[in-house]
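Residue numbers (the UniProt record's numbering), protein chains in the order written: chain A, 1 to 57; chain Y, 1 to 194; chain L, 1 to 552; chain R, 1 to 371.
Just so you know, these hints were derived from the structure itself, not from any lab. Each hint should be verified, as a subset may be incorrect.
[Stated by the list, open to error] Below, computed lysine-lysine pairings styled on PhoX-like, alpha-carbon distance capped at 25 Å:
(1) R:K108 with R:K176
(2) L:K518 with R:K108
(3) R:K254 with R:K176
(4) R:K254 with L:K518
(5) Y:K131 with Y:K158
(6) R:K108 with Y:K158
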Amino acid sequence: MWSVVKSVLAALLGVQNDRQRQQDFSNGKPVAFIITAVVVTMMFVLLLAGIAIYAAG
Amino acid sequence: MAADGSQQAGVRRTVIRSVAALLGMFAFAFALVPLYDVFCQVTGLNGKVDTTAKAIIHEEVDQSRFITVQFITRGSAGLPWQMSVETRQMRVHPGQTAEVDFTFTNNSHQESWGRAVPSVSPSSATTHLRKVSCFCFQEQQLQGDERLTIPLVFQLAKDLPEEISTITLVYTLYPVQRIALNPLNNNNAAGDKI
Amino acid sequence: MAPKLPPQHSLQHSSSAVAGGQSQEGQSHYPHAAQPKGLMRWLLTTNHKEIGSLYLIFSLTMFFVGGIFALVVRAELFQPGLQLVEPEFFNQMTTMHGLIMVFAAVMPAFTGLANWMIPLQIGAPDMALPRLNNFSFWLLPVAFTLLLSTLFMPGGGPNFGWTFYAPLSTTYAPASTTFFILALHMAGISSILGAINIIATILNMRAPGMRMMDMPLFVWTWLITAFLLIAVMPVLAGVITMMLMDINFGTSFFDAAGGGDPVLFQHLFWFFGHPEVYIMILPAFGIVSAIIPTFARKPLFGYASMVYATGAIALLSFLVWAHHMFIVGLPLTAELFFMYSTMLIAVPTGVKVFNWVTTLFRGSISFEPPMLFALAFVVLFTIGGFSGLMLAIAPADFQYHDTYFVVAHFHYVLVPGAIFAIMAGVYYWLPKWTGHYPNERLAQCHFWCSIIGVNLTFFPMHFAGLAGMPRRIPDYALQFADFNLLSSIGAFFFGASQLLFVLVVVLCVRGGQKAPAKAWEGAVDLEWSVPSPAPLHTFETPPVFHRAQSHD
Amino acid sequence: MRLPWQWLLTITSVASLSQAHASSWNMPVGVTDTSRNIFGLHMTIFWVCVVIGVIVFGVMFYSLFRYRHSKGAKAARFHEHTSVEVLWTAIPILILVGMAVPATATLKNMYDASEADLDIMITGQQWRWRYEYLGEDIAYTSNLSTTREQIRGESERDEHYLLDVDEPLVLPINRKVRFLMTSDDVIHSWWVPELAVKQDTIPGFINENWVQINEPGIYRGQCAELCGVNHGFMPIVVHAMEEAEFETWLEERKEAAEQEAMGVDREWAIEELMARGEEVYQSICSSCHQGEGQGAPPAFPALAGNEQLINELDWHLDRVINGVSGAAMPAFRNTLNPVEIAAVVTYTRNAWGNETGDTVQPATVAERIAQ
Chain A
1 MWSVVKSVLA ALLGVQNDRQ RQQDFSNGKP VAFIITAVVV TMMFVLLLAG IAIYAAG
Chain Y
1 MAADGSQQAG VRRTVIRSVA ALLGMFAFAF ALVPLYDVFC QVTGLNGKVD TTAKAIIHEE
61 VDQSRFITVQ FITRGSAGLP WQMSVETRQM RVHPGQTAEV DFTFTNNSHQ ESWGRAVPSV
121 SPSSATTHLR KVSCFCFQEQ QLQGDERLTI PLVFQLAKDL PEEISTITLV YTLYPVQRIA
181 LNPLNNNNAA GDKI
Chain L
1 MAPKLPPQHS LQHSSSAVAG GQSQEGQSHY PHAAQPKGLM RWLLTTNHKE IGSLYLIFSL
61 TMFFVGGIFA LVVRAELFQP GLQLVEPEFF NQMTTMHGLI MVFAAVMPAF TGLANWMIPL
121 QIGAPDMALP RLNNFSFWLL PVAFTLLLST LFMPGGGPNF GWTFYAPLST TYAPASTTFF
181 ILALHMAGIS SILGAINIIA TILNMRAPGM RMMDMPLFVW TWLITAFLLI AVMPVLAGVI
241 TMMLMDINFG TSFFDAAGGG DPVLFQHLFW FFGHPEVYIM ILPAFGIVSA IIPTFARKPL
301 FGYASMVYAT GAIALLSFLV WAHHMFIVGL PLTAELFFMY STMLIAVPTG VKVFNWVTTL
361 FRGSISFEPP MLFALAFVVL FTIGGFSGLM LAIAPADFQY HDTYFVVAHF HYVLVPGAIF
421 AIMAGVYYWL PKWTGHYPNE RLAQCHFWCS IIGVNLTFFP MHFAGLAGMP RRIPDYALQF
481 ADFNLLSSIG AFFFGASQLL FVLVVVLCVR GGQKAPAKAW EGAVDLEWSV PSPAPLHTFE
541 TPPVFHRAQS HD
Chain R
1 MRLPWQWLLT ITSVASLSQA HASSWNMPVG VTDTSRNIFG LHMTIFWVCV VIGVIVFGVM
61 FYSLFRYRHS KGAKAARFHE HTSVEVLWTA IPILILVGMA VPATATLKNM YDASEADLDI
121 MITGQQWRWR YEYLGEDIAY TSNLSTTREQ IRGESERDEH YLLDVDEPLV LPINRKVRFL
181 MTSDDVIHSW WVPELAVKQD TIPGFINENW VQINEPGIYR GQCAELCGVN HGFMPIVVHA
241 MEEAEFETWL EERKEAAEQE AMGVDREWAI EELMARGEEV YQSICSSCHQ GEGQGAPPAF
301 PALAGNEQLI NELDWHLDRV INGVSGAAMP AFRNTLNPVE IAAVVTYTRN AWGNETGDTV
361 QPATVAERIA Q
């Protein structure tokens, strides 16, 4: 689970090494990645909205 | 055709899922319209005003500050009406209930229908302006030369943000078309228009 | 920095002449012996290569049509005053230029390249749904004939800009708007069907042994683009349907008089429109990511990062739409949210540029025409990215918005961005399509003329915009005259130099230096294993894809 | 028409552009605190881009030059390096955060329109601006004053070609002025670069903005949102005055309005009405119905020889006073005063061969409007 999250976070930053990627694609299920990506994106949106609301204060 | 059996099944599955996603997104586009309205009403985005009347909330009046509420009325092309307000602006305390009269006058000799569309600025004040009785968005009918006075009863919520000192409420009169629609020449193609 | 081995695709067949697709007509499993000839052949074709060619020819034609509209605009703006066209027609020209270039030139060109190359790059015999493929192409000529015909209708064609903001495009629109909506619906259906076909092909028809992470980046970027298309084209369809209802059935989605909201139109439009921008650039990333490693003779730096960054850009593209609307009066919080998210999207985009540059570093670089265009893409697209970053700063956008600065920005992203990438792709794959190399000298001439033309046209626009020239105006104040003069000269030069491109392509189809199967020394992907020119039917027996190492 | 040698001259003069138009290459610094802040942000992000560009393109062109195949360069095989990738992701994020902080502060300041000294309602109309000084009973429209002859190249273009209006918006300096913005028809956008105010005017909705000008002067801008045929022909001119001067102007303006109102009561001669009507027609109507009343059908009907107009005075008055819903023809009831309406109606009924001989008196119009 943690490795999936880590991969998705790496993806958001656009950083991923080959070894890690090999692992993702041999072990992980695509569905797990998609769901995690969507969840991470949602959290990202909320985080950004939080910052915006705080900054607009 | 180019695929063998298992590929065929895979392709079919992909297509079915894609089409489902497609229809979902099409429906989503239409769902965005009410969602946007809800979003606007919750956040006051765009100064879009909740048009349903609210009950008065009896809360303590905040005597410590005054808010200037400005009223502006505007006419529009195609409706020979005039809308006026008894006072251009008033000062109220948050929590206080206030009343102001608006007068609609039909300048023509024919009856016609119109509607006053409200907008509030600054938009962050929108959700804090509670209308107890209002004519906004309701269609009004005026006989030729008729004059009609309708009150607006409103209340500013006590939790109005501190930095807001002036609220502007603008009403724009729009004609309501009761005649058959003639879509293709509703703009400017018709010869009888100047 | 552990150096890895070069990628090697070893195919099951040692000689591409056998399994690579040279199957004789008679040996094929498919009944194309009775194939119709002449016009009917093209009308009824279900072959991905023929349909790909149709898309590309259509797109090139429309590129010139849209280009002529642009030249009408530039001719009028040559000097202050109204000389050649009336403002009414000028507005129709700017609108049509935008619509044609976006929906009829750039998008079909990428679909054409996808049709040609995706099956070849993944070792599939054809697209997954060949008949649908034919249908989605033939919708396009119908749609755009209809769109162009509105110019001859009473009241004229669409004159409200390619963004067709309500109520200018509803209550105040010309009578032909209903036909414009219909045309856009057809073009939308065409791209949606194309997208479904591409997804079905990529997900189901890869050569045995080829996993997702072995796919060339062009396939990857197109897969993500296709998902974007499926997600946002229906939204566009929804918006124009609402417009249609507002115009013809008395609804008030966007009409304040009936309780609607003109700003809602902009939210919906840009919810489609911003991902659309990425639809027009992601496949370009894929093409450039194929060409640069080929001519640097070095594997692409950060293949995995590239795939992930493409995915990240696609996801983020749904979160930034309102940066097109900074001046419509959004609440402060919304303004901040969209400013932050827009600034963040620069990060994955930057990663891509860094990856390309690092691929060049310590390579062994040669400058064939495809490489020239790819390198120009990297530099000029990055300049477009810089002005994009400036536009992301909301307070500054209050000054930039709707000026020529914005026009300069998106033309830098789309002309030396998307269109140069398409041209790079065409030069890159022409040997595969025709069996001949394009004439190198002519192609170089085309390249240098294009580079000069593009920069002469669009660079002065930055200054005109900063100096205060709004976009979409047929006449302008005297202080903008010099910038506009330069832009107009550049535009005519650029337009004329595209005739060279046609010349190169025509000459290349008719003859030229023969190209071997692997036309470029450093090329690695699967399409280079079939003979040049690629026979009508390839990979009828799927090749077995062996990964010697990873893809990169 | 310019001759070829004149073109040559223009092209060579481009070389001296930096001298001649030193200020018009860049965004104006402007005359408000906000515009200065924005200019600062603009230059900061510009130089950040330049520095990044020099580094990235430097590495790129170095590689292109140094690792040429023709010079026998041998390609390395590396294709990833995690720490470098992390670095070039992290640094841009830090730069962006650094940019976001001042941008946020500026934006917050721009959104604070409270405590204004003067409220002005700005209404966009196809294709003019209307200004109302709320609480002062002053309202007028501001139209393009550049002549048709200049646009068509029939006369010399003056310095402020397309950026001149008949009546500028007059504002005091050093006072916070709040703008309420809306539109009567389509979306327009009110933009004056030197004030750093650009805001869409949206029909049925109201937007807020504000300005506090530091220096007196005349500042010019244009509509920034495509709003139809004459989008390029609705400029904005702001005349910023010292506060005392502004007060005087305000008084004069009120008196003039009273004078004009008095004109309603008297009988006007046809010559007077025709003269006044031509002025009004050329500044308001001719942008659509054209200089000779020939119109631009189908969008803008001809007035010259228009049967319905000639035969039905009442209908004609109604069109001008109340406008046409959903079409470009606005209601002039609130925009023009009764004298102007009477004059322009009289003019259009008697010009270009429309020889009806009718005169419409301001009193009649006033009665129709007010009842």
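Hint by hint, here is what the structure shows:
no. : hint               : result
1   : R:K108 with R:K176 : holds, 16 Å
2   : L:K518 with R:K108 : violated, 59 Å
3   : R:K254 with R:K176 : holds, 22 Å
4   : R:K254 with L:K518 : violated, 84 Å
5   : Y:K131 with Y:K158 : holds, 14 Å
6   : R:K108 with Y:K158 : holds, 23 Å
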